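K.L.:
Numbering (the working numbering), first residue to last: 1 to 343.
If you're looking for bench data, these hints aren't it; they were derived computationally from the structure.
Be a bit skeptical, because a hint or two may be false.
Under the rule of at most 30 angstroms between Cα atoms (straight-line distance), these lysine-lysine pairs were calculated in the BS3-like manner [claimed, not checked]:
{"#": "1", "residue 1": "K127", "residue 2": "K245"}
{"#": "2", "residue 1": "K14", "residue 2": "K127"}
{"#": "3", "residue 1": "K177", "residue 2": "K245"}
Pairwise CB distance ranges, derived in the manner of DEER restraints [to be verified]:
{"#": "4", "residue 1": "S274", "residue 2": "Q306", "range": "19 to 29 angstroms"}
{"#": "5", "residue 1": "G154", "residue 2": "R297", "range": "18 to 28 angstroms"}
{"#": "6", "residue 1": "H59", "residue 2": "A234", "range": "47 to 57 angstroms"}
{"#": "7", "residue 1": "Q224", "residue 2": "G176", "range": "50 to 60 angstroms"}
{"#": "8", "residue 1": "W202", "residue 2": "H281", "range": "27 to 37 angstroms"}
{"#": "9", "residue 1": "K238", "residue 2": "P88", "range": "32 to 42 angstroms"}
{"#": "10", "residue 1": "G232", "residue 2": "E200", "range": "35 to 45 angstroms"}
{"#": "11", "residue 1": "R97", "residue 2": "G304", "range": "28 to 38 angstroms"}
{"#": "12", "residue 1": "G3", "residue 2": "E200", "range": "53 to 63 angstroms"}
{"#": "13", "residue 1": "A234", "residue 2": "G3", "range": "47 to 57 angstroms"}
Note that the coordinates shown come from a computational prediction; the quantities given were computed from them, not determined experimentally.
All residues carry an ideal CB built from backbone N, CA and C; glycine is no exception.
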Amino acid sequence: MSGYLLGVDIGGTKCALVLATINGELLRREVLNTNTSQPPMETLKQLAALARERFSPDHLTSLRAIGISCGGPLDSARGLVLSPPNLPGWDAVPVTRFFSNLFGVPAALQNDANAGALAEWRFGAGKGSRNMVFLTFGTGLGAGLILNGQLYSGTNDLAGELGHIRLADSGPLAFGKHGSFEGFCSGAGIRLLGQAAVREAWQHNQGPAWCRTEAELATLTTQQLAQHACAGDALALKVFAESGKRLGQGLSMVIDLLNPEYIVIGSVFARCESFIAPAAHAVIAREALPGAAAVCRVVPAALGEQIGDYAAVGVAQLALSSADKHATTSKPACTASSVWPLA
Numbered sequence: 001m002s003g004y005l006l007g008v009d010i011g012g013t014k015c016a017l018v019l020a021t022i023n024g025e026l027l028r029r030e031v032l033n034t035n036t037s038q039p040p041m042e043t044l045k046q047l048a049a050l051a052r053e054r055f056s057p058d059h060l061t062s063l064r065a066i067g068i069s070c071g072g073p074l075d076s077a078r079g080l081v082l083s084p085p086n087l088p089g090w091d092a093v094p095v096t097r098f099f100s101n102l103f104g105v106p107a108a109l110q111n112d113a114n115a116g117a118l119a120e121w122r123f124g125a126g127k128g129s130r131n132m133v134f135l136t137f138g139t140g141l142g143a144g145l146i147l148n149g150q151l152y153s154g155t156n157d158l159a160g161e162l163g164h165i166r167l168a169d170s171g172p173l174a175f176g177k178h179g180s181f182e183g184f185c186s187g188a189g190i191r192l193l194g195q196a197a198v199r200e201a202w203q204h205n206q207g208p209a210w211c212r213t214e215a216e217l218a219t220l221t222t223q224q225l226a227q228h229a230c231a232g233d234a235l236a237l238k239v240f241a242e243s244g245k246r247l248g249q250g251l252s253m254v255i256d257l258l259n260p261e262y263i264v265i266g267s268v269f270a271r272c273e274s275f276i277a278p279a280a281h282a283v284i285a286r287e288a289l290p291g292a293a294a295v296c297r298v299v300p301a302a303l304g305e306q307i308g309d310y311a312a313v314g315v316a317q318l319a320l321s322s323a324d325k326h327a328t329t330s331k332p333a334c335t336a337s338s339v340w341p342l343a
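Could you put together the complete structure from these sequences and hints?
P.N.:
Shown next, in the form of structure tokens:
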């Protein structure tokens, strides 16, 4: 199949444009710094101008579909971005209509967790599977679900909000809940776990040499904790083990509920797997149904820093497959259905 795909990755600090082949081979990438003080339509117009300036006319006139990845909340069926926390003022912005009308090709929108799931399923660690769960494990915790070879987003794009599940009565605050999955298993959550562990150590006059003052504690980062864990620091290793324990608790429920072949986990987990995974696997072995756990592999995401690029391209492939299905069946390509065909 000839032609090209355009991926648009919209973020709070930068946006990326990615040109790819139909099969997902990345050809070129351009970046635009996001100016959240200007109207969102100005940003979209700047992205369109950047595409026309940097990509050849032959590529743009041969576009087959456009995929847009953006942090939620959003309405994928109507192609609307709905005021994400990192994009103030982006309220009911019709991003798919803008790009589809501009380039005359179908466009689709998905949140970054769903788009990341498509990326790892199409091109990464979950390639070849039929049932896969992708966890972001970045600043926050969200999930994208591939079930029976289809992206599942729920009734109104809220499937996969695993971070909201409460795992304990107390613990780091995230998603408005103490002890939430996101509170234990995210970059922000691990930082809070680390701060709590240091305070507890201070009470017993056993504080680590690398954090002696309130000022040092206030600026403690997850990256610093990982560096101390790499050096064998007992407190830092304990913090990551606690995150791993809670990860195993949450994944046991996912395994029992969805029976996936792969659980692919990105960002912090992918960088700190050796500190987090052992505790997680121990809990899964104890808590999950043995038959379901036996067929499920928990693995780090494979695409690294390129996952955002592949995510947007994966959404473009989704738009193309939906349009092709519409052409062959004469049924609406985009409905309120929560399941998107990917064949």
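K.L.:
For every hint, state whether the structure bears it out.
P.N.:
We went through each hint and held it up to the structure:
Taking the CA atoms of K127 and K245, the gap is about 27 angstroms. The hint holds against a cut of 30 angstroms. As the CA atoms of K14 and K127 are separated by approximately 28 angstroms, the hinted pair is consistent with the 30 angstroms bound. Distance hint between K177 and K245 is fulfilled; the C-alpha atoms sit about 18 angstroms from each other, no more than 30 angstroms. Checked against the hint of 19 to 29 angstroms, the pair S274 and Q306 passes, with Cβ atoms roughly 22 angstroms apart.
At roughly 25 angstroms, the beta-carbon separation of G154 and R297 lies within the given 18 to 28 angstroms, and the hint holds. For the pair H59 and A234, the supplied restraint of 47 to 57 angstroms holds, since their beta-carbon distance comes to about 54 angstroms. Between Q224 and G176 the beta carbons are some 27 angstroms apart, a value that contradicts the proposed interval 50 to 60 angstroms. The given range of 27 to 37 angstroms is respected by W202 and H281, whose C-beta atoms sit roughly 32 angstroms from each other.
The hinted window of 32 to 42 angstroms between K238 and P88 holds, with their beta carbons roughly 38 angstroms apart. Between G232 and E200 the CB atoms are about 20 angstroms apart, so this pair departs from the stated range of 35 to 45 angstroms. Separation of R97 from G304 is about 32 angstroms and conforms to the stated range, judged on CB atoms against 28 to 38 angstroms. Range check, G3 to E200: about 58 angstroms between beta-carbon atoms, so the 53 to 63 angstroms window is met.
As the Cβ distance of A234 to G3 is approximately 56 angstroms, the hint placing it in 47 to 57 angstroms holds.
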